[in-house]
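Model the placement of chain W on the given structure of chain L, informed by the hints.
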Amino acid sequence: GAGVSQSPSNKVTEKGKDVELRCDPISGHTALYWYRQRLGQGLEFLIYFQGNSAPDKSGLPSDRFSAERTGESVSTLTIQRTQQEDSAVYLCASSFSQTNSPLHFGNGTRLTVT
Amino acid sequence: DQQVKQNSPSLSVQEGRISILNCDYTNSMFDYFLWYKKYPAEGPTFLISISSIKDKNEDGRFTVFLNKSAKHLSLHIVPSQPGDSAVYFCAASGVTGNQFYFGTGTSLTVIP
Numbered sequence: 001g002a003g004v005s006q007s008p009s010n011k012v013t014e015k016g017k018d019v020e021l022r023c024d025p026i027s028g029h030t031a032l033y034w035y036r037q038r039l040g041q042g043l044e045f046l047i048y049f050q051g052n053s054a055p056d057k058s059g060l061p062s063d064r065f066s067a068e069r070t071g072e073s074v075s076t077l078t079i080q081r082t083q084q085e086d087s088a089v090y091l092c093a094s095s096f097s098q099t100n101s102p103l104h105f106g107n108g109t110r111l112t113v114t
Numbered sequence: 001d002q003q004v005k006q007n008s009p010s011l012s013v014q015e016g017r018i019s020i021l022n023c024d025y026t027n028s029m030f031d032y033f034l035w036y037k038k039y040p041a042e043g044p045t046f047l048i049s050i051s052s053i054k055d056k057n058e059d060g061r062f063t064v065f066l067n068k069s070a071k072h073l074s075l076h077i078v079p080s081q082p083g084d085s086a087v088y089f090c091a092a093s094g095v096t097g098n099q100f101y102f103g104t105g106t107s108l109t110v111i112p
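Chains L and W, in that order, are what the protein sequence lines are. The opening position of the first sequence corresponds to residue 1 in the numbering used here, with each subsequent residue numbered one higher. The opening position of the second sequence corresponds to residue 1 in the numbering used here, with each subsequent residue numbered one higher.
The shape of chain L in the complex, shown without the other chains (with noise of 0.2 Å):
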């Protein structure tokens, strides 16, 4: 297909585990991000990646989150040492480089940690 592909759609996890989160953006879209949805509110920020510039990562909220994108293609946000606040819906988009792009979105991970 030629929307954005996340991997797993689902995953439970035991508090204390490591999770790997995976996303493979549109093809030719040089920016990507991830984004938080906990349950009864909004999208939050997590990180961006443009080309081959330094990510923001201003948005990540412990040092237990980290992500990684090879290049412009696949990218993987891992969060160590899961904590039950860290259930959520984990969105990957990605986007044009260009100003005034926006952003498509995959379906999400959703995350629930036990």
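It is possible that part of the hints are untrue.
Distance windows between CB atoms, simulated [as the list claims (entries may be wrong)]:
#1 L11/W <-> E85/L: 24 to 32 Å
#2 S66/L <-> P112/W: 44 to 52 Å
#3 Q84/L <-> G16/W: 43 to 51 Å
#4 S9/L <-> Q81/W: 25 to 33 Å
These aren't lab readings, by the way, just hints derived from the structure by calculation. None of the values given here were measured: they were computed from a predicted structure. Even for Gly, the Cβ is constructed at its ideal location relative to N, Cα and C.
Just chain W, lined up with the frame of chain L:
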């Protein structure tokens, strides 16, 4: 600090009538505004956008209005259809376009 605010968590409208969803922002540096629609278990879908050089943008049944002096934008859907029932998010970005700030969403229910 919430820079983009949607003060109405929910809205119900009769089928065929107009739906008006509102959004306020605080940062005068925002120059690009978007509306997204989200169904349960899916990611947000881009609906319509407007840049700060315009005050209106129309796409079929959807029209976005921007009032820069009031730092307010609205989405009009007319006529509303049951398939429009979803959560609508407004979003804004600044000159650099690096970050998109989202509101908390308004859940629209269109009653047949």
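Now for the hints, and whether the structure bears them out:
Separation of L11/W from E85/L is about 30 Å and conforms to the stated range, judged on CB atoms against 24 to 32 Å. About 47 Å separates the C-beta atoms of S66/L and P112/W, a value consistent with the hinted range of 44 to 52 Å. Roughly 45 Å separates the CB atoms of Q84/L and G16/W, a value that falls within the hinted 43 to 51 Å. At about 28 Å, the CB distance of S9/L to Q81/W agrees with the hint of 25 to 33 Å.
Consistency note: the structure conflicts with none of the earlier hints.
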